[in-house]
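Student: Assemble chain B onto chain A, guided by the hints.
Listed in order, the protein sequences are those of chains A and B. Everything in the first sequence is counted per the numbering used here, starting at 1 for the first residue and increasing by one. Everything in the second sequence is counted per the numbering used here, starting at 1 for the first residue and increasing by one.
Treat the hints with caution; some may be incorrect.
For chains that are exact copies, the list does not tell them apart, and a pair is met inside one copy or across any two.
Stated by the list, open to error - As a list, the in silico DMTMM-like pairs of lysine to aspartate or glutamate whose alpha-carbon atoms are at most 25 Å apart: (1) Lys-71 with Glu-304; (2) Lys-404 with Glu-69; (3) Lys-208 with Asp-188; (4) Lys-208 with Asp-179; (5) Lys-404 with Glu-319; (6) Lys-2 with Asp-219; (7) Lys-404 with Glu-345; (8) Lys-7 with Glu-320; (9) Lys-7 with Glu-345; (10) Lys-36 with Asp-68.
Hints in this document: simulated from the structure, not taken from any laboratory.
There are 2 protein chains.
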Amino acid sequence: MKDKAEKARAASLVLAATEFDLRNTALRMAAEALQKAKANLFDANRADRDDAAEQGLAPPLLHRLVFDEGKLSEVIRGLTALADLPDPIGRVTLSRELTPGLCLYRVTCPIGVIGVIFESRPDALVQIASLCVKTGNAALLKGGSEAKRTNRALFEALGEAFSRAGLPQDTLGLMETRDEVGQMLGLDSLIDLIIPRGSNAFVREIIKNSRIPVMGHADGVCHVYVDAMYDKEMALRVVLDSKTQYAAVCNAAETLLVHTHSADSFLPCLKPMMDDAGVTLYGCRRTRGIIACPEADETGWGREYLDLKMDVRVVDSLEEAIAHINRYGSGHTDAIVTTDSAAAETFMTRVDSAGVFHNCSTRFSDGFRYGFGAEVGVATGKLHARGPVGTEGLTTYKYRLIGKGHTVGDMASGRAFYTHKDL
Amino acid sequence: MKDKAEKARAASLVLAATEFDLRNTALRMAAEALQKAKANLFDANRADRDDAAEQGLAPPLLHRLVFDEGKLSEVIRGLTALADLPDPIGRVTLSRELTPGLCLYRVTCPIGVIGVIFESRPDALVQIASLCVKTGNAALLKGGSEAKRTNRALFEALGEAFSRAGLPQDTLGLMETRDEVGQMLGLDSLIDLIIPRGSNAFVREIIKNSRIPVMGHADGVCHVYVDAMYDKEMALRVVLDSKTQYAAVCNAAETLLVHTHSADSFLPCLKPMMDDAGVTLYGCRRTRGIIACPEADETGWGREYLDLKMDVRVVDSLEEAIAHINRYGSGHTDAIVTTDSAAAETFMTRVDSAGVFHNCSTRFSDGFRYGFGAEVGVATGKLHARGPVGTEGLTTYKYRLIGKGHTVGDMASGRAFYTHKDL
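So that you can see chain A by itself, here it is in the shape it has in the complex (with noise of 0.2 Å):
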């Protein structure tokens, strides 16, 4: 494993100088080979896909498993959309002349060596693999062992054409067993960041395994906050769209509050219609005063359901709810249904999440929705990226100064004075 991190860090310098017009070529030959090794392809998921039939896996893990016609063009349509962004390599974000002569640049580069482990979807190894690519980076990349036959194959079709357009062999490494998962998690040296893709528990484990930084978010527990003056109409909408549009995943909500002046008239319309939709509301002691539902566990509150199901809290002010998700939530994307514009502004500034949202449902928190063309993951951490992570988010940038023999003996002497004057 050692091996396969030095020699995607030595790629990753060689990566660091290529042309834009290169990488985006390289993407392009990734397109026609994806499509040329088609039945090769195919073959290797039909393989994986009996194998995992046989040994019982659960229907839904199985779906995600399929690389078939849809997820090939998907994913071909995904390197073309891809070449075709702007270059997010070499873009100067400050120049400033430091004195007569001596000028400084702040200027886009790649970060280094990313490693990318991800559960089940084959068709996520291609999307990273080509982020990587875009950004200049080298990528580690681990896929779930169930579909180990389509990885491979992937992979090498991958590596093959970017090879052939002219990026460095060990531009995409492939480990395949948990063992180099493991050891990777220790080369702090070589691998400047992760990005785990998959369950909470997952993603746990990694950051606890890992002195690397780790970009993503292992829970995505989103409210919505429906306020004391507010559009019923309009609440219903975005209630019912942040739960089911689809519950499944991160940015679907978990739990919604509801102020105690809207209760009384917002709970009994909302109950029949997420009825219809299938969902089952928790409620607390006060939101089940005013509809029939099961208990919720107000001990824990902040459960991601993933699913149909939904905790209600009556909250007595604007505070309260602030202070609940804070409390509470995994800083994804939380938001208010309000008419009133000082309470929104007080929700957005004081709920420390990545996504605070005003009147729309918490599902538009995603890249493709921002128009950020393709997408990483989300980010729930603080630093480095926040929220739907595009390119921006796997480029760093360092200070490049020019100048003609300039020391900072003779700024101190005083023989020279810093201007700072931008550029």
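Tutor: For chain B alone, kept in the frame of chain A given last:
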């Protein structure tokens, strides 16, 4: 300790909503408070120094402990200058219509709670506490135990001024024992970032013992590389300044690399100049074939002398110089002296350091010299902030999304469509 951290967390949520003017007023009131507390501060510092002298603290450390008229006016000037800087919070860095009526804004905001651990110099307490307030963060501070009385006096004067200005009571917290620091390092759910300022070993120890992200640097192993085509007078100036302008700091050069084509002409001129400056050169075998000097330990480059000592190595090519730096450097700052602009470009692209300099001294790598006004420190990590870190490095951002009842269901069903129009 957990109680202190929880109070800081609560304070941080209020701080995030404070107005720019209030934070600046607090900084100006702190400047006045320190001026008024002068006698008290000097008494405390005198007592600390008496104790330290009695306990036989080494003279350089005793020197760092001093908080006198000079230091006081320096920190007061710093507070006033910081109050004059623009607001790092609330800057809109992206604004986009996602679909008619639904607008996305990316807005800078504070990180939250920052743990700061620094050795010796009590003025660091003022500097960092004030940077945290400017950026709307709460701070937990721990200084060197030898400056205990001074730190407490500074903390009390600042804390009292901040409260009087209207900031939350717990904006600043003081830790006074090692035990508290140990506990703090484990509070990753309450503390967002650790900034350690001190020796190499000290910073490594912090990094090893915490899962909280750490911003800063352990080593500063900076290089100057003199290329095949070079201006001799310029090279001499840059090497001399990089090594000797202030040898005890992280941005001083520790290793000189010389292209084999230049070694014969350059080294014999450098030697007497370095002798005059009191610098001992440690040469590789080839260096010692040209000038007389003690032998460098070639089995392990990358020594951080922080002293008037420098390793010298002759290399065969630009590539060898780059490989040396990427292997033995610390990613802090590295300079090339060359008249060949293609070589400079290659060097600056391929050297994987926060600062890559052309024809100027490594000593310029500093927040004040870059014109950032105030500095937290220099970060050698690649995520979040890199290089000299000013107020920007103490901020993060959140996404605000404002709609009129927008749902993802409407987008998915085609009743509405994404426009992704930047505003």
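Student: Within, between, both or neither: how does the pair Lys-36, Asp-68 come out at a Cα-Cα threshold of 25 Å?
Tutor: So Lys-36 and Asp-68 pass the 25 Å test inside one copy only (14 Å; across, 75 Å).
Student: Cα distance capped at 25 Å. Does Lys-404 pair with Glu-319 within a copy, between copies, both, or neither?
Tutor: between (58 Å within a copy, 23 Å between copies)
Student: Treating 25 Å as the Cα threshold, decide for Lys-208 and Asp-188: within, between, both or neither.
Tutor: For Lys-208 and Asp-188, both the intra-copy (14 Å) and inter-copy (11 Å) Cα distances are at most 25 Å.
Student: Is it within, between, both or neither when you check Lys-404 against Glu-69 at 25 Å Cα-Cα?
Tutor: neither (59 Å within a copy, 38 Å between copies)
Student: Can you give me the call for Lys-404 and Glu-345, within, between, both or neither, at a CA distance of at most 25 Å?
Tutor: So Lys-404 and Glu-345 pass the 25 Å test across copies only (15 Å; inside, 50 Å).
Student: When Cα atoms must be at most 25 Å apart, do Lys-2 and Asp-219 count as within-copy, between-copy, both, or neither?
Tutor: between (31 Å within a copy, 23 Å between copies)
Student: Between Lys-208 and Asp-179, at a C-alpha cutoff of 25 Å, which is it: within one copy, between copies, both, or neither?
Tutor: both (16 Å within a copy, 23 Å between copies)
Student: Between copies, within a copy, both or neither: which fits Lys-7 and Glu-345 at Cα up to 25 Å?
Tutor: between (50 Å within a copy, 24 Å between copies)
Student: Which holds for Lys-71 with Glu-304 at a C-alpha limit of 25 Å: within a copy, between copies, both or neither?
Tutor: This pair counts as neither: shortest intra-copy Cα distance 28 Å, inter-copy 53 Å.
Student: How would you classify Lys-7 and Glu-320 at a CA-CA limit of 25 Å: within, between, both, or neither?
Tutor: between (53 Å within a copy, 17 Å between copies)
Consistency note: the structure conflicts with the earlier hints numbered 1 and 2.
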